[in-house]
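S.K.: Chain by chain, the residues run as shown.
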Amino acid sequence: MTSLFGENDLWGPLDPTKDAGYGEDRPKRKGFFTDTSICIGCKACEVACKEWNDVPADHFDMLGSSYDNSHSLNANQWRHVAFIEQPTRAEPRQTVDLGMPVRAPSRPPEEEPGEDAEKPDFRWLMSSDVCKHCTHAACLDVCPTGSLFRSEFGTVVVQDDICNGCGYCVAACPYGVIERRRAPEGDKNVGIAQKCTLCYDRLGAGMTPACAQACPTQSIQFGDVDELRERADARVAELHEAGIMDARLYGNDPDDGIGGAGAFFLLLDEPEVYGLPPDPVVTTHDLSRMFHRATTAAAFMLAGAVVSFLGRRR
Amino acid sequence: MAEAHPVGFQWVMEAKARGAKVIHVDPRFTRTSALADSYVPIRAGSDIAFLGGIVNYVLANELDFREYVVNYTNAATLVSEDFQDTDDLDGLFSGYDPETRTYDPTSWQYAGAESEGDEEQDHEMQRETASALQHESHGSGVEAHPPRDETLQDPRCVYQILKRHYARYTPEMVARTCGVSEEQFLEVCQAWTENSTPDRTTALVYSVGWTQHSVGVQYIRTGAILQLLLGNMGRPGGGVMALRGHASIQGSTDIPTLFNLLPGYLPMPNAKDHQSLEQWIEAISQPGSKGFWANASAYAINLLKAYFGEAATSENDFCFDYLPKITGDHGTYSTVLDMIDGKVKGYFLLGQNPAVGSAHGRAQRLGMANLDWLVVRDLFEIESATFWKSSPEVATGEIVPEECRTEVFLLPAASHVEKEGTFTQTQRMLQWRQKAVDPPGDCRSELWFFYHLGRMVKERYADSTDARDVPVQQLAWDYPTHGPHREPSAEAVLKEINGYEVESGRPLSAFTEMKADGSTLGGCWIYTGVFKDGVNQAARRKPAREQSLVAPEWGWAWPANRRLLYNRASADPDGKPWSERKAYVWWDEATGEWTGLDVPDFEKTKPPSYEPPEDADGVAALAGNDPFIMQGDGKGALYVPRGLIDGPMPTHYEPGESPFGNPLYAQQANPTSKVYLRPDNPMNPSPPQHSDVYPYVFTTSRLTEHHTAGGMSRFVARLAELQPEMFIEVSPELARERGLEAGGWATIVTSRSAIEARVLVTDRLTPLKVEGRTVHQVWLPYHWGEGGLVTGDSANDLIGINLDPNVLIQESKVGTCDVRPGRRPTGPALRQLVRDYLEETQR
Amino acid sequence: MARTFLSWPVLRQLRSPDKLGRGTAVRSRQTDELAARTEAADRVAKSVCPYCAVGCAQNVYVKDEQVIQIEGDPDSPVNRGRLCPKGSASKNLVTSPLRQTTVKYRAPYATEWTDLELGTAMEMIADRVVKARNDTWQDIDDRGSRVRRTLGIASLGGATLDNEENYLIKKLFTAMGAIQIENQARI
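Those protein sequence lines, which keep their order, are chains A, B and C. When the letters of the first sequence are read in order and numbered with our numbering, they come out as residues 1 to 314. When the letters of the second sequence are read in order and numbered with our numbering, they come out as residues 315 to 1157. When the letters of the third sequence are read in order and numbered with our numbering, they come out as residues 1158 to 1344.
Any given hint could be a false lead.
Okay, derived cross-link-like pairs now, DSS-like style, lysine-lysine, Cα gap no bigger than 25 angstroms in a straight line [unchecked claim]:
no.: 1; chain 1: A; residue 1: 28; chain 2: A; residue 2: 18
no.: 2; chain 1: C; residue 1: 1288; chain 2: B; residue 2: 657
no.: 3; chain 1: C; residue 1: 1220; chain 2: A; residue 2: 188
no.: 4; chain 1: C; residue 1: 1203; chain 2: C; residue 2: 1220
no.: 5; chain 1: B; residue 1: 772; chain 2: B; residue 2: 846
no.: 6; chain 1: B; residue 1: 846; chain 2: B; residue 2: 896
no.: 7; chain 1: B; residue 1: 896; chain 2: B; residue 2: 918
no.: 8; chain 1: B; residue 1: 586; chain 2: B; residue 2: 703
no.: 9; chain 1: B; residue 1: 856; chain 2: B; residue 2: 829
no.: 10; chain 1: B; residue 1: 749; chain 2: B; residue 2: 846
no.: 11; chain 1: B; residue 1: 918; chain 2: B; residue 2: 829
no.: 12; chain 1: B; residue 1: 703; chain 2: C; residue 2: 1261
no.: 13; chain 1: C; residue 1: 1203; chain 2: B; residue 2: 749
no.: 14; chain 1: C; residue 1: 1288; chain 2: C; residue 2: 1261
no.: 15; chain 1: C; residue 1: 1220; chain 2: B; residue 2: 749
no.: 16; chain 1: B; residue 1: 856; chain 2: B; residue 2: 846
no.: 17; chain 1: B; residue 1: 335; chain 2: B; residue 2: 896
no.: 18; chain 1: B; residue 1: 896; chain 2: B; residue 2: 749
no.: 19; chain 1: B; residue 1: 846; chain 2: C; residue 2: 1176
no.: 20; chain 1: B; residue 1: 856; chain 2: B; residue 2: 890
no.: 21; chain 1: C; residue 1: 1220; chain 2: A; residue 2: 28
no.: 22; chain 1: C; residue 1: 1288; chain 2: A; residue 2: 18
no.: 23; chain 1: C; residue 1: 1288; chain 2: B; residue 2: 772
no.: 24; chain 1: B; residue 1: 330; chain 2: B; residue 2: 896
no.: 25; chain 1: B; residue 1: 856; chain 2: C; residue 2: 1203
Hint data in this document are derived by calculation from the structure and do not stem from the laboratory.
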């Protein structure tokens, strides 16, 4: 039998929109390029997202983790700004201007009040995280109801009216983005899987998603994924040129474990530093192979059953 | 800037992307520092030493923009032989009177002007009336043609005086005083000077925490001196930019709800000097000075005419006598102390929450508890409305609800989308807001409230025969209203502010159309033109992409829709741009006019070569190379002979509360600061007194996620959740020293109060080396109170009342404190803790 | 019912090019009909953010006399359509369930609020203003200078208000002789 799955349906580079049955007149794939090197951590994206999408505010405790009080991406947090206060690495200061501020020790080392002989230089990284709108989206692939779907913009969206709250998508997401809403009680979508829609309704009206529209420094850029990838490459080159060798892209590569993200990032450190998985792989990566094995096994079993049935009859 | 004005910060980021270098100087590493090219940690309260050090660097190395400095500033002007500097008097200028703690500035005057205006030189009165605020747009009222030495060699010229004054602000001294390394300091000096040339300009941006010091005005003066020396004023990309913190705080200064001002920076008359219209106008116009204040009679009479309408005639001096007279300090802090003393009966709070937002929160609340009545108009049930039932003083027993007589009216206010009107933003631009929806329930605009309150007060006085009530009876209060609630027309009020011809009703197009004979009226002369051609210019919304970078057709900026003040200085003395790259406004020889990207801030047809006759004064006395047209001598003031209470040049004084002696002079703190010595306003001791009880320096500021006293953020769920608790930022070193646990609690103690906060241990704060020893600084946001969705103690409870003498603004950006682990006691034990500390200082 | 068995998802999936049922085949009617709520606005008011003094322009979308969205005005040379978290929370500010919409009154020595009609409150306030003014009126001060004023009535606020409002406040208080009129600019 021929496979149900076409080439790259579950793995590798792909135009996910075409694959999802949209015709030639479909719009270009849309996404975000989040350039964390110019994020000021203002959280306008978090608020603008919640205002537009009517996401509840229900968490009023200080986390004590720098200025992050929204914790993580979850059902009630479709944008999340991470704050990382970090000493730069122990290697000697580079002679080139890093562009990013570093604080020189401002007192003689011998007079250190603390135990450290050399207080390390310091930087404060900020990054607005969001659903990656994967090319190969495990959440979508495992959704048994068709609630999660690929929009004509190539984004991955939950249809609240279809979701039955089974939660398969929650376990499938390699980034831990999607979650069923648990609170506040009485909210319209409690029990329903929730995450960034890339403002699907706004896209339909030709508008920019709320977070990107609000972002004061254009750390969050919205546009055609192809064009954003070019922009991101250029930005990394520019930063490298300026001696900021830490700059790297995350999620932009169509050959990565999710076929490239629709929402990708420029980071100034390893992904783990920002709480991002270093090498995410779509959890349905092996589905095709498993399917083939399962169908083969089923065929053998069926054959065996037929044989044994025939044998018994005889 | 990224913290408190994130959207404005987009332009800094854009400049950075184009190659600008961004330097951030702050006691703590903020979200601005995170994006800057370099961050310079500094001891809070030492900015004059830091900037003074840069002035010294500029002058010692002759890096000033000489052609600009000679032509456009008062560098060449000679100062009186009698002037003695802080170098001679160890931190004092000549003329100091320790009795009144003020100066007689006679000796500060320009040479030959020592005897002028003795009468107005009563600095005690000037301090009491925050007179410098009037000079915000007045200039210092100096004579038009002082003697000059354009070689800048005369030892009495401003340039040389300045050079001597700052000579001791060496890099070593800066390092010792500010805790900034010499290398970092010199890096800033180099960056600033190298980027200030005919081809390049440097912008100085401050947030108004700079004003909240006992030497706040002189902080800003130091910035202005530096920017003048480097030729950065009046030029695109330069300037000193104040980032103000409320939607129309600029507007409420221009059209002031301030005790010492009337609209357009006209001074409130004072009882001693201004008993007649003539005296009052002369005090403003300063006969003999250059510039546009010479026409003050028109501005003043148009205002009186706008206030009292038909009743105001030339026969009765346009009802000047109806204006109440001030006799001293009637500022908000002295008023609050008067409340505690039972002198004030009624108090209106209009979208402001002093129980949390003003210094010395306890004094604020005790004052409110001793009124006959209080009217609070706000969107939410703020702490200033509930002091009688839930303030910390209710817990301590200092306010007992059953014994508190204050009658409180909490009236719901209309929000910004429920009324129309103009805000003036921080660059003097007015923007008209359309009304989107009706306000809910009983919510009303202030326009509605005050219009109807005025109407009802007038009704109550309608039949009075008491002379006292005549001003109310004759008050011009006839505004068209509309809708079921009889909302007055904001546009009609704006038209009155703009001004019009009394006979025809034709709106004035420029303040130069104002007449001093009563034939025109206008409520705020600097706003004249906002209704030019009968069109609401503030409502203009031509998209930015369809106009020049200056965007002159978006909103309207005072004066005369000028976007950049003193822009004559963007051209050289001959009227040519200093460089192509920085061309902005220039003289067009062919048309005989000033022209350029903006409205020229100069008489349109006065050529750059113009030399006024010797006897000219006022506008006619302005020469073609006098860009500072509101100054009495047409020049930018490096040295201020008149108008400042605490000296003609900024001088480093320690904050009112400091763990250090002044490294530069024997004089410890500002000798003229406005202090209120009362048991309910104690100050923490500074050297030479015993200052170890409060060993740490604290400063406060805003978080991006909140707004000032929290009235518009703690009650808003989406903001409250972003920063849900009051906290204190401490360095890891201090946390170790005091046993503070990350995420745990700390108690912060001053002589006013003690508050508690969650502990955030962070490398963003760093101990500094000052005067050879380590000083720890801590930082507090000030957004919390006991109301709203998220609650916490108020940082302003820690702060005492100690004011800048020029403008009577409190020193709330630096103080000393102790920090101890754990939560504070509640109830009477809280007061006991504060008393115990105070007693310790006396041991 | 218009939907027939032909619209059953599994059949749609098999008939459509979306054979894995991840796109066109699984769209619900709600999804097909989804539209940005701003599209349905009755009007858009041109406004300005009420928080800091940067002066960001806002578009206020109104539907059925309710504010349904506030966002940055892309035409503005100040903010180019962008807003900070506070500006972005403006709708939450103006529609907050915590807003006061009725008058609250605390009588002397009372321990609780009571309700009051707005009209009554206005009359009471006008009475108190007149009384405080009369009781504390000064024609001359203690040095004998003519001052024509009251030090019995103070006011604080204005920086969050409109120019027109500040103008009326100062005008009325000045005519009444009240001078302790202050705002955030002093703080």
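S.K.: Run through the hints listed earlier and report the numbers of any the structure violates, in increasing order.
M.R.: 5, 6, 8, 9, 18, 19, 20, 21 and 22
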